[in-house]
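Colleague: Put chain B on the given structure of chain A with help from the hints.
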Amino acid sequence: MNEMNEVRKPPVATTGIIGWLRINLFFNWTNSLITLFVIYCLYQFIPWILDWTIFSADFKYNYLGEQITNQEMCSRNLDPENGGACWAVIYVRFYQFIYGFYPKVEVWRVNVAYFMLALALLPLLYAKLPYRKYFLYFTYIFPVIAYFLLNGGFGFTEVSTNKWGGLLVTLVLGCTGIALAFPIGIMLALGRRSKLPVISMMCTLFIEFIRGVPLITLLFFGMVMLPLFLPEGIDMDGLVRVLVAVTLFQSAYMAEVIRGGLQAIPPGQYEAAKSLGMSYWRMNLLIILPQAIRISIPPIVNTSIGLFKDTTLVIIVGILDLLGIGRGTLADTNWLGLSYEIYFFVSLVFFIFTFGMSRYSLYLEKKLKTGINMGAD
Amino acid sequence: MSAESIISLKNVNKWFGDFHVLQDVNLEVKKKERIVVCGPSGSGKSTMIRCINRLEEHQEGSIVVDGIELTGNLKNIDNVRKEVGMVFQQFNLFPHLSVKENITLAPIWVKKMPKAEAEELAMRQLEIVKIPEQANKYPGQLSGGQQQRVAIARSLAMNPNIMLFDEPTSALDPEMIKEVLDVMVDLANGGMTMIVVTHEMGFAKTVADRMVFMDEGKIVEEANPDKFFNNPESDRTKLFLSQILHQ
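Respectively, the protein sequence lines represent chains A and B. With my numbering, letter number 364 in the first sequence gets 376, and the count goes up by one each step, no holes. With my numbering, letter number 64 in the second sequence gets 398, and the count goes up by one each step, no holes.
One chain only, chain A, in its complex shape:
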């Protein structure tokens, strides 16, 4: 045993909490000053925001103990010294925020649809879910079930889509747009790279045209122009028209994102697949796309989050999504002046969904990392 064989430990000052603080927060003078400044700002800001949103806020009753039914009864409007946020507006209008103007007797259908959506997402979120295969079958048929459940048919009374609103519309637009745009985008991306000039040109034209037009224009286009292309007598539902516009828009972006992934696949992968006798579709489905999509996960999630937020633009064609309901509430004389609360709430709901999507993409990246690098490591 000589000294060389002893296990040498790193210097104490570089490990543990003290080491971490030293390296990350107090490395040198400037570093320490910035740290202290940030701590001071947080010290000023956090108590204020907590007080406004929670401790001094009204949830259902004001500070006098009365149930709030309009903005005049909010504590901060009765006594500016004595109140924070007035969440009562959310409490009173909660139904509209979540379901729009869906008839109250039928609202259980929306609740069932929400529950089924969660169930349909489950196998995508947890790869180790027991009986995942059967859950996935459910995921595939869920859109059909949801359509009849929400819209009517099969013994359910019809609920016209102009009664839908709030989170319901946001989720229908976001989920359908993302779910449909994904396969369409894949086809467009493959089409654009196709060796057949007609297919490649058509896909390129479609992508460039849709991408070159603002979503708002597409929404107006869907509202005004789409019915002109349909045979007479067929009336397309307003929400469906918007859905078509949103899906086309998202497909074009998705196509370009996936094309980026396709371009990163080395030609040797195509050659190996071909030399094993695989057809064009087998090669793409089994070899190329799984790798290309894996590479593209961050931008796919990025555009999906973008679309989810862009669905708020439907307000301009008269469809009331979550933000639309918020704006409608603000226009109500009972709740004038509560814009902080309403926008805060709407932002929070959007943030919860988009943050969830962002975490999901990180989880996917970690899960799929195995063996993707071709090097010896």
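Just to be clear, a hint being listed does not mean it is correct.
Derived DEER-like restraints, expressed as beta-carbon distance ranges [said to hold, decoys possible]:
| hint | chain 1 | residue 1 | chain 2 | residue 2 | range |
| --- | --- | --- | --- | --- | --- |
| 1 | B | Asn-407 | A | Met-214 | 20 to 28 Å |
| 2 | A | Pro-226 | B | Asn-413 | 22 to 30 Å |
| 3 | A | Gly-272 | B | Glu-338 | 47 to 55 Å |
| 4 | A | Gly-272 | B | Gln-357 | 35 to 43 Å |
In silico DSS-like pairs for lysine-lysine, Cα to Cα no more than 25 Å straight-line [stated by the list, open to error]:
| hint | chain 1 | residue 1 | chain 2 | residue 2 |
| --- | --- | --- | --- | --- |
| 5 | A | Lys-207 | B | Lys-366 |
| 6 | A | Lys-140 | B | Lys-449 |
| 7 | B | Lys-471 | A | Lys-378 |
| 8 | B | Lys-561 | B | Lys-539 |
| 9 | B | Lys-471 | A | Lys-140 |
| 10 | B | Lys-449 | A | Lys-286 |
| 11 | B | Lys-539 | B | Lys-364 |
| 12 | A | Lys-207 | B | Lys-409 |
| 13 | B | Lys-471 | B | Lys-366 |
| 14 | B | Lys-366 | B | Lys-416 |
| 15 | B | Lys-561 | A | Lys-286 |
| 16 | B | Lys-471 | A | Lys-286 |
| 17 | B | Lys-409 | A | Lys-286 |
| 18 | B | Lys-471 | A | Lys-379 |
| 19 | B | Lys-449 | A | Lys-145 |
Where chain A lies over chain B, by a calculated footprint (3+ residues, C-beta under 8 Å) [to be verified]:
| hint | stretch |
| --- | --- |
| 20 | 486-496 |
| 21 | 519-531 |
Rather than coming from a laboratory, the hints here were simulated on the basis of the structure. Using N, Cα and C, we set each Cβ at its ideal position, and we do this for glycine too.
Modeller: Using the frame of chain A, we list chain B on its own:
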């Protein structure tokens, strides 16, 4: 020409843009024959064997593989590719699949083999290339030599009549070349029809039935190894051999 030829190239010409990469190439390969193709880089040897399974298209002449002529007919191309296995310089394993899945993929999807049978087959092929213990690893976790042996196993799993090797050891570290060559020698001794593009002259001497030397898109010399190495006819061959053997 003869009826027993399994591969027959007649007056094959190919251009990359204006570059005339294959110039009137004629080659007949008999069943169970082992051909080693060598020549300086850019001489068209890779392009030639890549034409045999239609990874490259030839523009003039005819290529017939196992009685099937290679034309634009996609069905014929697929049938030829099922007969012809190929091993690449860069291995080209599928990085998102485990070693076993790399091997079973084509039998399951192209040959419609049941999964259990394909997995058994994969394990047998891994025994042949002597790395059954790596079955559940991913390509990225293997050394270059191991990856190339998996690539050979992957090709063999399709039970091809012909194997093409495109510089199979050129991307390997020196100490890994032997393990790959050993597998290829076993394969040759087992009676596989092989066309090998390589600069491994030791391998050529032990295995080849015939040497083909290419330069500037033409086949310059064809001879049995004994004559090729000891008494080559063309000056170009002599120069090439002196350069490559003096390394």
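Colleague: Taking the hints in turn, state whether each one holds.
Modeller: Taking the hints in turn, this is what the structure says about them:
For the hinted restraint 20 to 28 Å between Asn-407/B and Met-214/A, the CB-CB distance of approximately 26 Å keeps it satisfied. The supplied range of 22 to 30 Å is broken by Pro-226/A and Asn-413/B, whose beta-carbon atoms lie about 51 Å from each other. Between Gly-272/A and Glu-338/B, the C-beta spacing of about 50 Å keeps the proposed range 47 to 55 Å intact. Remark: the range hint 35 to 43 Å for Gly-272/A to Gln-357/B is upheld by a beta-carbon distance near 39 Å.
Only pairs whose Cα atoms come within 25 Å are accepted, and Lys-207/A paired with Lys-366/B is rejected, the gap being roughly 37 Å. Among the hinted pairs, Lys-140/A with Lys-449/B is consistent with the structure: their alpha-carbon atoms are about 22 Å apart, no more than 25 Å. For the hint pairing Lys-471/B with Lys-378/A, the CA-to-CA distance comes to about 17 Å; that is within 25 Å, so the pair holds. Note on Lys-561/B and Lys-539/B: the hinted pairing holds, with a Cα-Cα distance of about 11 Å set against a maximum of 25 Å.
Restraint check for Lys-471/B and Lys-140/A: the C-alpha separation of about 20 Å stays at or below 25 Å, so the hint holds. Restraint check: the Cα-Cα separation between Lys-449/B and Lys-286/A comes to about 21 Å, which is no more than 25 Å; the hinted pair holds. The suggested pairing of Lys-539/B with Lys-364/B holds, with an alpha-carbon distance near 19 Å, which does not exceed 25 Å. For the proposed pair Lys-207/A and Lys-409/B, the alpha carbon gap of about 18 Å is at most 25 Å, so the pair holds.
The straight-line distance between the Cα atoms of Lys-471/B and Lys-366/B is roughly 33 Å, outside the 25 Å bound, and the hint therefore fails. Among the hinted pairs, Lys-366/B with Lys-416/B is consistent with the structure: their alpha-carbon atoms are about 17 Å apart, no more than 25 Å. Proposed proximity of Lys-561/B and Lys-286/A is contradicted: the alpha carbons are some 37 Å apart, above 25 Å. Simply put, Lys-471/B and Lys-286/A have alpha-carbon atoms about 24 Å apart, close enough for the 25 Å limit, and the pair holds.
Note on Lys-409/B and Lys-286/A: the hinted pairing holds, with a Cα-Cα distance of about 13 Å set against a maximum of 25 Å. For the given pair, Lys-471/B sits about 16 Å from Lys-379/A by alpha-carbon distance, which is consistent with the 25 Å threshold. Distance restraint check for Lys-449/B and Lys-145/A: the Cα-Cα separation of roughly 18 Å lies within the 25 Å cut-off, and the hinted pair is therefore satisfied. Counting residues of the stretch 486-496 of chain B whose beta carbon lies closer than 8 Å to any beta carbon of chain A gives 3, which reaches the threshold of three, so the coverage claim holds.
Note: the stretch 519-531 of chain B has 0 residues with beta-carbon separation from chain A under 8 Å; the three-residue rule is not met and the coverage is violated.
Consistency with the previously given hints fails for numbers 2, 5, 13, 15, 21, ordered from lowest to highest.
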